[in-house]
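Enquirer: Residue numbers (my numbering): 3 to 100.
One or more hints might be untrue.
[Unchecked claim] No farther apart than 20 angstroms at their CA atoms in a straight line, the calculated lysine to any residue pairs in the SDA-like style are these:
no.	residue 1	residue 2
1	LYS8	PRO42
2	LYS74	ASP33
3	LYS28	ASP18
4	LYS8	PRO43
5	LYS26	VAL13
6	LYS69	ALA39
7	LYS8	ASP33
8	LYS74	ALA39
9	LYS74	GLN60
10	LYS8	TRP57
11	LYS8	GLY65
12	LYS8	ALA22
13	LYS26	PRO43
14	LYS28	ALA72
Rather than coming from a laboratory, the hints here were simulated on the basis of the structure.
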Amino acid sequence: GIDLAKNVFAVHGVDDNGQAVLVKPKVSRADLLPLIAQLPPCLIGMEACSGAHHWARQFRQYGHTVKLMAPKFVAPYRMTGRLIGVRLDLTCDRIYYI
């Protein structure tokens, strides 16, 4: 899952067993696309927002499947501060049910 923001993004990847394999709490806008490009094709979940559709198109060019979650489904997992990794982990679990 990717938490989109203006300048710094958070990336949290899990394998089929739910184990964290990619945890990057701070990825700059310039580094996000190169990071995603080097990954093997996978499922990427993001909250639907104004920039999510743009990023989804970019990620699909590298063979990734992208699912956007409506904000009302992400709201229960919203946390502030240092717990963003926990939030992304929960969002990764939820994306399989959409």
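Enquirer: Let me make sure I understand: some of the numbered hints might not hold for this structure. Which ones are they, in numerical order?
Expert: Failing hints, ascending: 1, 2, 3, 4, 8, 9, 11, 12, 14.
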